[in-house]
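Residue numbers (our numbering), protein chains in the order written: chain A, 1 to 403; chain B, 1 to 403.
In case anyone wonders, no lab produced these hints; they're calculated from the structure. Each hint should be verified, as a subset may be incorrect.
Since copy identity is lost for identical chains, a pair holds within one copy or between any two.
Unchecked claim - Straight-line alpha carbon distances no greater than 27 Å define the calculated DSS-like cross-link-like pairs of lysine-lysine that follow:
#1 K17 / K157
#2 K400 / K181
#3 K295 / K400
#4 K400 / K236
There are 2 protein chains.
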Amino acid sequence: MANFDLMRELQTENGSKLVLLVMDGLGGAPLQADGPTELEAAATPTLDNLARDGVLGQTIPIRRGITPGSGPAHLALFGYDPLEFQVGRGVLEATGVGLEVGDGDLAARGNFCTLDGDGNIIDRRAGRIPTDEARPIVDRLASIEIPGLKIQLRHVKEYRFALVMQGPGLQHEIEDTDPQKTGVPPLPARAMTKTSEPAAALVQTWIEAATEILRVEPKANGVTLRGFSTDPRLPKFPEIYGLRSACVAVYPMYRGVSRLVGMQILDFDGETPEDQFSTVTENWDNFDFFFIHIKKTDSRGEDGDFEAKAKVIESVDAALEILLNMHPDAIAITGDHSTPASMRTHSWHPVPLLLWSPRNMRPDLQTRFGERMCEVGGLGTLPATDVMPIMMAHAGRLQKFGA
Amino acid sequence: MANFDLMRELQTENGSKLVLLVMDGLGGAPLQADGPTELEAAATPTLDNLARDGVLGQTIPIRRGITPGSGPAHLALFGYDPLEFQVGRGVLEATGVGLEVGDGDLAARGNFCTLDGDGNIIDRRAGRIPTDEARPIVDRLASIEIPGLKIQLRHVKEYRFALVMQGPGLQHEIEDTDPQKTGVPPLPARAMTKTSEPAAALVQTWIEAATEILRVEPKANGVTLRGFSTDPRLPKFPEIYGLRSACVAVYPMYRGVSRLVGMQILDFDGETPEDQFSTVTENWDNFDFFFIHIKKTDSRGEDGDFEAKAKVIESVDAALEILLNMHPDAIAITGDHSTPASMRTHSWHPVPLLLWSPRNMRPDLQTRFGERMCEVGGLGTLPATDVMPIMMAHAGRLQKFGA
C-alpha cells in the first residue's frame with residue numbers, strides 16, 4: 001500500500017492547521033571543515049526555540065547522492081515519490097506562470113538565444129535579456145497562428161518563456177531543440193516516437209515562424225524549446241490528505257508545482273517573509289494547510305554568498321512570530337534541497353528539518369536548528385516524502401492503522 | 001528479494017537462543033519539553049547495563065507518522081511488513097481468545113449494544129456491560145444453530161465477543177453492521193461481492209436469532225458485527241527463521257497474533273514479569289526463540305499514569321536477571337509502538353530498541369536505555385521489520401550473502 005492510500009484511509013478532519021515552510025536550498029556547508037554552515041552561522045533565536053521544544057531530522061529529497069531539481073524536490077516534500085511522479089519541465093514552467101496545461105496539451109519551456117549570421121548560437125540566453133525588453137518580444141510571438149491549434153505563450157523571466165499548444169493528437173515525446181552548446185544552430189524539433197511526429201512537425205512550424213519574426217531583434221533573434229511534456233495528472237494533494245491547501249510563493253515555478261497538485265495559489269503584494277507570513281494569517285480560516293516558499297536562500301546560495309544566505313535565514317527567523325502567533329498545530333521548517341554557497345548550486349546533501357507542534361512532541365536532545373544537530377535529531381534521516389505523514393500525525397489528523 | 005526469502009536462504013542452525021522482549025507501548029514522551037520520558041524516568045540499572053554494552057536504536061513500526069494498532073505492530077516486530085500482511089480484526093479477536101480460524105472460516109468481532117423500542121442503537125457498547133454479566137449472555141447465544149454451519153462463540157471482554165463460522169463457501173467480504181453512530185438501527189449484513197451473498201445471508205440469520213434471544217436483556221439487547229475476515233495464511237515464523245518459537249503472553253490478542261504466525265503458545269500461571277520470565281526458563285531447552293509480551297506498560301500509558309508506567313518498566317528491569325541468567329545469545333528489548341502517558345493512547349512516535357548479545361557487539365556511545373539515547377543509538381532509526389534479522393545475525397544464525 002502506497003503512502004497515499006494510507007493517508008486517504010487514515011485521514012480525519014479535526015480543524016487543525018498545518019504549515020510547511022520551505023526555505024529553498026536551505027541546506028548548506030561550511031566554508032572550512034570546522035566552520036559553521038549558513039544555517040548554523042545565522043542568528044535564529046526563534047528557530048532555535050522551536051528546535052529545543054520540537055524535534056529535528058534531515059531529509060533525503062530523492063535518493064541519497066541525488067541532487068534534485070526544484071520540481072521533484074517539492075513534489076517529494078508534498079509526499080509524491082519524485083521517481084514515480086515525474087513532471088516535465090515544460091509543464092512546470094507553463095503552470096508556474098499561470099498557463100493551464102490540460103490532459104493532451106503540449107507544454108514546453110522556451111529560451112531566447114542569440115544567433116550569428118550563419119544561424120549558429122552565440123549566446124544560449126540572449127545576453128540574459130532583461131524582462132522589460134523580453135516581454136514585448138514574447139507578445140509579438142503570440143501572433144503566430146497554426147490551423148487547428150490553440151497556442152498560448154507567456155513570458156517567464158529574462159530570456160525565458162513558456163509555450164502551451166492545444167489540439168488533437170499532440171504527443172509530447174519530442175527532443176529538446178537546445179543543443180546545450182554554442183557554435184551550432186538550434187536543433188530541429190525531432191520526434192522520439194512515430195506517434196509524436198505530427199506534433200514535432202507542428203512545433204517546427206512554430207519555431208520557423210518565430211525565427212522569422214525575431215530576425216530583426218539584436219539579441220533575442222532565435223529560440224530553443226525544451227522539456228516537452230503534458231499534464232502529469234498527479235493525484236491531488238487536498239484529496240490525499242483531506243486538507244484545504246494554499247500555496248504562498250513568489251516565484252512562478254513553485255506556484256506551478258503547487259497548482260499541479262491542486263493547491264490554491266494565493267496572490268499577494270510584496271515578497272518579503274513578512275509579506276508571505278501575513279498572507280497566511282489573512283487566509284488562516286480558509287485553509288487547513290499552508291505551503292510557504294522562500295526563494296532567496298537558494299538564490300544567495302547560487303550566488304555563492306554565504307553571508308547573504310545566512311541573512312535571508314535570519315530575516316525568516318525574525319518574521320516567524322507572525323506565523324507562530326496564529327498557533328499552528330504542526331509546523332515543519334525545511335528546505336527542498338541543499339544549495340551550499342560554497343558550491344553555488346543545488347547539491348545532494350541531506351536537508352535540515354525542524355518539526356514543532358504545541359502538543360504530543362517528543363523533543364530530542366538538540367537545541368539549535370542547524371545541519372549538525374539535525375543529523376543527530378530525533379526524527380533521524382528520512383525521505384522527504386515522510387514529512388507530510390509526520391505533520392499529519394502531530395496535527396492529530398491520522399487515525400490508528402489496524403486494531 | 002523480500003526479507004523473508006533472505007532469511008530462509010541464509011538461516012543456519014547453531015543451537016543459539018533468541019529473546020524478543022516486548023513492553024507494549026514502551027515509547028513515551030516527556031510531560032514537559034525538558035523532562036524525562038517514562039522510560040527515562042524509570043530506574044533501570046539492568047537495562048542500562050545492557051544498553052552500555054549493547055547497542056540502541058529506534059524503530060518505525062508501520063511507516064513514519066502512522067500510529068499502529070497492536071496487531072500490525074506485532075507483525076512488524078516479527079518481520080512481517082504490516083502493509084503487505086493485513087489481518088482482519090475478526091480473526092485477531094477470535095484467535096486472541098483461542099478460537100481457531102481455519103482457511104475458509106469466517107471470523108467477526110461482535111459488540112453488544114443497547115437498542116431502544118424502535119430498534120435504534122442508543123449505546124454502541126451496551127453501557128460497557130461488565131464481563132461477569134456479559135459472559136452468560138454470550139453462552140446463551142451459543143445455542144443458535146444454523147444448518148450446515150459450525151458456529152463458535154467466545155466472550156472477549158465487557159461488551160465484546162468473537163464469532164467464528166465454519167462451513168462451505170463462507171466468503172468474508174461482508175460489511176460491518178456497526179453503523180458507528182447512535183440513533184439508527186444496526187446495519188444488515190451486506191455482501192460486498194456477489195460471491196459473499198450466501199455468507200452475508202447466513203450472518204444475517206444469526207443476527208436475527210441473536211436479537212430474538214437478547215430481547216429480554218436490559219442493556220445488551222442488540223449486537224453488531226464487524227471485521228469479517230478469514231485466516232490470512234501468513235508465512236510461518238518458525239519456518240522463515242528456522243526457530244522453534246514460543247510466545248509468553250498474558251493477553252489473548254498477543255497470543256492470537258503469535259498463533260497466527262505459527263508460534264507455540266505457552267500456558268502459565270500468574271501475570272508478573274517474574275512469572276513470564278520463569279516460564280521462559282522452564283521451557284528454555286525446548287525452543288530457540290521466545291517472544292515475551294508485557295502488557296501493562298501500554299495499559300498504564302493508556303491510563304495516562306506516567307509514574308505507574310515507569311513503575312511497570314522498573315518491575316521488568318528488576319526481574320530481568322531471571323532471563324539473563326539463562327545466557328541468551330541475543331536479546332532485543334523494545335515496544336510494539338509508543339503509548340505516551342501524556343497522550344493516553346497509542347502514538348506514531350518511534351519506539352526505543354535495545355539489542356544485546358554476549359558476542360560480536362559493536363557498542364555505541366549510549367549508556368542508558370531511553371528515547372533520547374535510542375534516537376542517536378548505533379542502530380539508527382530502522383523499520384521494526386529489521387529487528388529479527390539483526391537478532392538472527394547476533395545469534396550467529398545467518399550465513400554470508402554472496403561469495
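Now for the hints, and whether the structure bears them out:
1. K17 / K157: Answer is neither; intra-copy 34 Å and inter-copy 38 Å both fail.
2. K400 / K181: Only across copies: K400 and K181 sit 19 Å apart there, 55 Å inside one copy, limit 27 Å.
3. K295 / K400: between (37 Å within a copy, 19 Å between copies)
4. K400 / K236: both (23 Å within a copy, 26 Å between copies)
The earlier numbered hint that this structure contradicts is number 1, and it is the only one.
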